[in-house]
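Undergrad: Sequence:
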Amino acid sequence: MKIIDSSPKKDGFRMPGEFEPHAGCWMIWPERPDNWRLGAKPAQDAFVEVAKAISQFEPVTMCVSARQYDNALHLLSPDIRVVEMSNDDSWVRDCGPTFVINDKGVVRGVDWEFNAWGGLVDGLYFPWDQDDKVARKICGIEHKDVYRTPGFILEGGSIHSDGEGTIFTTEECLLSEGRNPHLSKAEIEDMLKEYLGAGKVIWLKRGIYNDETNGHVDNIMCVVKPGVIMLAWTEDKNDPQYDICVESLKILENETDFKGRKLEVVKLMLPKPVLITEEESGGVDSIEGTLPRMEGDRLSASYVNFYIANGGIVFPLLGDPNDTLAEDALKQAFPDRKIVGVPAREILLGGGNIHCITQQQPK
613 MKIIDSSPKK
623 DGFRMPGEFE
633 PHAGCWMIWP
643 ERPDNWRLGA
653 KPAQDAFVEV
663 AKAISQFEPV
673 TMCVSARQYD
683 NALHLLSPDI
693 RVVEMSNDDS
703 WVRDCGPTFV
713 INDKGVVRGV
723 DWEFNAWGGL
733 VDGLYFPWDQ
743 DDKVARKICG
753 IEHKDVYRTP
763 GFILEGGSIH
773 SDGEGTIFTT
783 EECLLSEGRN
793 PHLSKAEIED
803 MLKEYLGAGK
813 VIWLKRGIYN
823 DETNGHVDNI
833 MCVVKPGVIM
843 LAWTEDKNDP
853 QYDICVESLK
863 ILENETDFKG
873 RKLEVVKLML
883 PKPVLITEEE
893 SGGVDSIEGT
903 LPRMEGDRLS
913 ASYVNFYIAN
923 GGIVFPLLGD
933 PNDTLAEDAL
943 KQAFPDRKIV
953 GVPAREILLG
963 GGNIHCITQQ
973 QPK
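Counting with the working numbering, you get residues 613 to 975 for the letters of the sequence shown.
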């Protein structure tokens, strides 16, 4: 692996859409007792189920600390590759590499600088130095050359690509004080185009209500295929999420993508608000420097936070009547893929969902 002193755009690379073929999927094993309740045991069970669901479609690699290596090996099925890797927490979508490809099928990684969603301004834990090395380590294991972005903070969950020159993101996240306050919106857009091989950036204003990542785009929308967007939606006008959904719909319906297509928007209903229980809050260790989990806090629950695998969709089940509606909507949007639901409340309690704990490596 070498660090390339250039940019993907200059070298003819682009970020593919998640719906394009994968070589496999990466995950990181959860263990932080100040983020995952009851010593992360319930979360580990949920991660096992997500890995199992994805592994029926494509190879899965689980990165695990030395402390948890034997435990993860024992709990995961033998077809999951387990590699030892230091880490600070288990959000590989955000600290792992964003892979880019060229027309010859060469794959490289983009290693964004990572600061735990806001650094010392409003980051979610400290320190984050081990997470900032995860992208390079993954690329090293896979013998993929890498582009580093020193001085530019980004997480993989804050961007979506249609694979054909269009990137989607949110102002709430990328323009937040804890990311790149030294750069203007135009300069941030130029960085996205340069490092993702893109020609256009479409900005939503905000993400899901109360999302502690400052409104990651992957929790409110995703790209089904070029020209078709799936958007989280609620009909409840009293919910603070409602105005965000309406605003996002208006932006998307009035936009064209890089190829000049009008965007078709498919709505995916949200579950009713999910709140942390007293028992769930009490199971998390309280440590200075980590965002506390308080009883009654609203979690940023969204069915859009699913993973597109080769021939499959793995989506979160949240114990809500809309679980069934979400499954039906996904079957309609992805008729050629098998739809698999996995109970995901324990992942949500940690601050994200299935898309946040996975990172695809393109073929």
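I should point out that these hints are in silico values taken from the structure, not numbers from a laboratory. As the structure is a prediction and not an experimental result, all values here were calculated from the model. Treat the hints with caution; some may be incorrect.
What the hints assert, rightly or not - Lysine-lysine pairs mimicking BS3-like chemistry, simulated, CA-CA at most 30 angstroms apart:
(1) K950 - K849
(2) K756 - K621
(3) K664 - K884
(4) K614 - K812
(5) K749 - K664
(6) K664 - K756
(7) K837 - K884
(8) K871 - K621
(9) K874 - K664
(10) K621 - K664
(11) K943 - K862
(12) K879 - K943
(13) K879 - K849
(14) K664 - K862
(15) K756 - K862
(16) K664 - K837
(17) K871 - K884
(18) K621 - K874
(19) K874 - K749
(20) K716 - K884
(21) K716 - K805
(22) K621 - K849
(23) K749 - K943
(24) K943 - K622
(25) K849 - K871
(26) K884 - K975
(27) K943 - K621
(28) K849 - K817
(29) K871 - K749
What the hints assert, rightly or not - Beta-carbon label-pair distances, calculated as ranges:
(30) K975 - I863: 30 to 38 angstroms
(31) H794 - E824: 22 to 30 angstroms
(32) Y681 - M906: 14 to 22 angstroms
(33) V878 - A798: 43 to 51 angstroms
(34) D851 - H755: 32 to 40 angstroms
(35) K884 - Q668: 40 to 48 angstroms
(36) E824 - E847: 33 to 41 angstroms
(37) V695 - E847: 16 to 24 angstroms
(38) K975 - S689: 21 to 29 angstroms
(39) R679 - V858: 40 to 48 angstroms
(40) P852 - M613: 27 to 35 angstroms
Cβ atoms here follow ideal geometry from the backbone N, Cα and C, with glycine treated the same way.
Undergrad: Can you list which hints this structure breaks, lowest number first?
TA: 1, 9, 10, 14, 15, 17, 19, 20, 22, 23, 24, 25, 26, 27, 29, 32, 33, 34, 35, 36, 37 and 40
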